[in-house]
Amino acid sequence: MSVMESVDVVVVGTGNAASCAALAAKEAGAAVLLVDAASEDDRGGNTAYAGGQMRVAFNGVDDLTKVIADLTDEDIRNTDFGTYTASEFFDDMARVTQYRCHSELVEYVIDNSLDTLVWLRSKGVRFEAAFGRQASKVDGRMKFWGGLPCIVWGGGAGLIDALHARAKKDGIRTLYETPAVGLLRDANRVTGITVLHKGETREIRAKAVVLACGGFEANAEMRARYLGPNWDLAKVRGTRFNTGAGLRMALDAGARSYGHWSCAHSSCWELNAPEYGDPIVKGAYQKHSYPFGVMVNADGNRFVDEGADFQTLTYARFGREVLAQPGLFAWQVFDQRAIPLLRETYRIRQVTQVQAATLEELASKMEGVNADGFLKTMREFNRAAPADEAPLNASVKDGLGTKGLALPKSNWARPIDRGPFEAYAVTAGITFTFGGVKITTNAEVEDDAGRPIPGLFTAGEMVGGLFYHNYPSGTGLTCGAVFGRTAGRSAASFAKSM
879 MSVMESVDVV VVGTGNAASC AALAAKEAGA AVLLVDAASE DDRGGNTAYA
929 GGQMRVAFNG VDDLTKVIAD LTDEDIRNTD FGTYTASEFF DDMARVTQYR
979 CHSELVEYVI DNSLDTLVWL RSKGVRFEAA FGRQASKVDG RMKFWGGLPC
1029 IVWGGGAGLI DALHARAKKD GIRTLYETPA VGLLRDANRV TGITVLHKGE
1079 TREIRAKAVV LACGGFEANA EMRARYLGPN WDLAKVRGTR FNTGAGLRMA
1129 LDAGARSYGH WSCAHSSCWE LNAPEYGDPI VKGAYQKHSY PFGVMVNADG
1179 NRFVDEGADF QTLTYARFGR EVLAQPGLFA WQVFDQRAIP LLRETYRIRQ
1229 VTQVQAATLE ELASKMEGVN ADGFLKTMRE FNRAAPADEA PLNASVKDGL
1279 GTKGLALPKS NWARPIDRGP FEAYAVTAGI TFTFGGVKIT TNAEVEDDAG
1329 RPIPGLFTAG EMVGGLFYHN YPSGTGLTCG AVFGRTAGRS AASFAKSM
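For the sequence shown, the numbering used here gives the first residue as 879, with consecutive numbering after it.
To be clear, the hints were calculated from the coordinates, so they are not data collected in a lab.
Note that the coordinates shown come from a computational prediction; the quantities given were computed from them, not determined experimentally.
Be a bit skeptical, because a hint or two may be false.
Mimicking BS3-like on lysine-lysine, the simulated pairs with C-alpha atoms at most 30 Å apart in a straight line are [unchecked claim]:
| no. | residue 1 | residue 2 |
| --- | --- | --- |
| 1 | Lys-1374 | Lys-1046 |
| 2 | Lys-1160 | Lys-1047 |
| 3 | Lys-944 | Lys-1015 |
| 4 | Lys-904 | Lys-1076 |
| 5 | Lys-1281 | Lys-1015 |
| 6 | Lys-1046 | Lys-1160 |
| 7 | Lys-1160 | Lys-944 |
| 8 | Lys-1281 | Lys-1243 |
| 9 | Lys-1254 | Lys-1243 |
| 10 | Lys-1281 | Lys-1254 |
| 11 | Lys-904 | Lys-1047 |
| 12 | Lys-1001 | Lys-1374 |
| 13 | Lys-1076 | Lys-1047 |
| 14 | Lys-1015 | Lys-1275 |
| 15 | Lys-1160 | Lys-1015 |
| 16 | Lys-1046 | Lys-1001 |
| 17 | Lys-1160 | Lys-1001 |
| 18 | Lys-1047 | Lys-1374 |
| 19 | Lys-944 | Lys-1046 |
| 20 | Lys-944 | Lys-1021 |
| 21 | Lys-904 | Lys-1046 |
| 22 | Lys-1021 | Lys-1275 |
| 23 | Lys-1275 | Lys-1254 |
| 24 | Lys-1160 | Lys-1021 |
| 25 | Lys-1001 | Lys-1047 |
| 26 | Lys-904 | Lys-1374 |
Go ahead and model the full structure; you've got the sequences and the hints to work with.
The structure is reproduced here in structure tokens:
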């Protein structure tokens, strides 16, 4: 087998975590090469399909101005950005993961979140305030909620463009359409990777390897094996190239499997979306305004507490709930109290939607739904919802819940009785898988004995132990950037020691 390249650090992947690793390794003085199974047009992994929000710990607007370059004095005067402290960030991570997340890894992400976003800005990434997604007008001022004021300009695609523009400027080369298929090892350490390039198996020799090529969400067989029945039928929200190859390579090299392998980030997704992510529509297939309405299954029954929390803290598990319903679909139902609050993703052309003047007419139009069951559910819900005329306010959990229902709606409950009505059909869209490999806070991959495998580092979706059961919105990009940057630094340091 011929040697194709020899470098200090080879990074597998071209998404957020991989790009941060490459830039950090180059910054530390290493000769770096990126390789990816995708073509240049399809580069960026799941990051290219992401909305671009990044969760960050901050103690006030002064911290945010270090990240968001174009905050004006008027923006600051007219906006309540609040704070999102490290302890609040940790509490959210702990609570949504049912207190299973690895505390040391999570604390490392949180403690490095602000500095990493500032570093990204220094690399040419442009941030803006997420006014259109995470802020509502309260008493004449915009008020942020959910701990997510920062979003990358241009979303995930904008993040990829910025990172790769900087990589090109820094002289980092990328080999596309070159899938990594194995790790090279000698008796002491990882010494490179095996790739397929133009139909030939070749070797890339490296003093250190960073694996950052995603989970197994695009692999139907692995989804069924690890996540369970019907997961092979889930829509893939992002790239078709995250097939678990990096995880297989790491495990074959003795890495310790870690994290919640039977769970994944999955959300309510347009029922008739394509099998894989659409590079044009991207995340607009998502349907996350359910806290202001109800969701019903084929029997016409509700099956989740739509108002359990802010949607940023529930949306990543509700896809799993939809996939468990008869027919693997649900309908989201709204009246005129809620319709003005629906996100722009409900107004795209590629949407399965029905409208009606009455609930009875709506029931006849929702394909696959038992009309009698639905109308019974709506009568019971409307009797149980508080007759409160306070407008729906997305920025606070209002505590207005149903009374007497076996399955409550804890917040934002109002009678759904103001026509005309709208309903949207959804299924499960899988974003990324939670199972991965165990790493140290230096992004070193550990073996089953808890020892780092010399020369092997990882970041991004391949890191296990961060997410269990659920996921706080915006955390994935932050974790990927923090551990990507760390992996690049650690890999460069290891390469120098060789």
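Going down the list of hints, with the structure as the test:
1. Lys-1374 to Lys-1046: Roughly 23 Å separates the two Cα atoms, so the pair holds.
2. Lys-1160 to Lys-1047: holds (27 Å)
3. Lys-944 to Lys-1015: holds (24 Å)
4. Lys-904 to Lys-1076: holds (27 Å)
5. Lys-1281 to Lys-1015: This hinted pair holds, its Cα atoms lying about 29 Å apart.
6. Lys-1046 to Lys-1160: holds (25 Å)
7. Lys-1160 to Lys-944: holds (29 Å)
8. Lys-1281 to Lys-1243: Between Lys-1281 and Lys-1243 the Cα gap is close to 29 Å, so the pair holds against 30 Å.
9. Lys-1254 to Lys-1243: Measuring from Cα to Cα gives roughly 16 Å; hence the hint holds.
10. Lys-1281 to Lys-1254: holds (16 Å)
11. Lys-904 to Lys-1047: holds (11 Å)
12. Lys-1001 to Lys-1374: holds (23 Å)
13. Lys-1076 to Lys-1047: holds (26 Å)
14. Lys-1015 to Lys-1275: Satisfied, since the Cα-Cα distance of roughly 15 Å is no more than 30 Å.
15. Lys-1160 to Lys-1015: At roughly 28 Å apart (the allowed maximum being 30 Å), Lys-1015 and Lys-1160 satisfy the hint.
16. Lys-1046 to Lys-1001: holds (12 Å)
17. Lys-1160 to Lys-1001: With Cα atoms ~25 Å apart, Lys-1160 and Lys-1001 stay inside 30 Å; holds.
18. Lys-1047 to Lys-1374: With Cα atoms ~23 Å apart, Lys-1047 and Lys-1374 stay inside 30 Å; holds.
19. Lys-944 to Lys-1046: It holds: about 25 Å lies between the C-alpha atoms, which stays within 30 Å.
20. Lys-944 to Lys-1021: It holds: about 20 Å lies between the C-alpha atoms, which stays within 30 Å.
21. Lys-904 to Lys-1046: Within the cut-off at roughly 11 Å; holds.
22. Lys-1021 to Lys-1275: Holds, at about 13 Å.
23. Lys-1275 to Lys-1254: holds (27 Å)
24. Lys-1160 to Lys-1021: holds (27 Å)
25. Lys-1001 to Lys-1047: holds (10 Å)
26. Lys-904 to Lys-1374: holds (12 Å)
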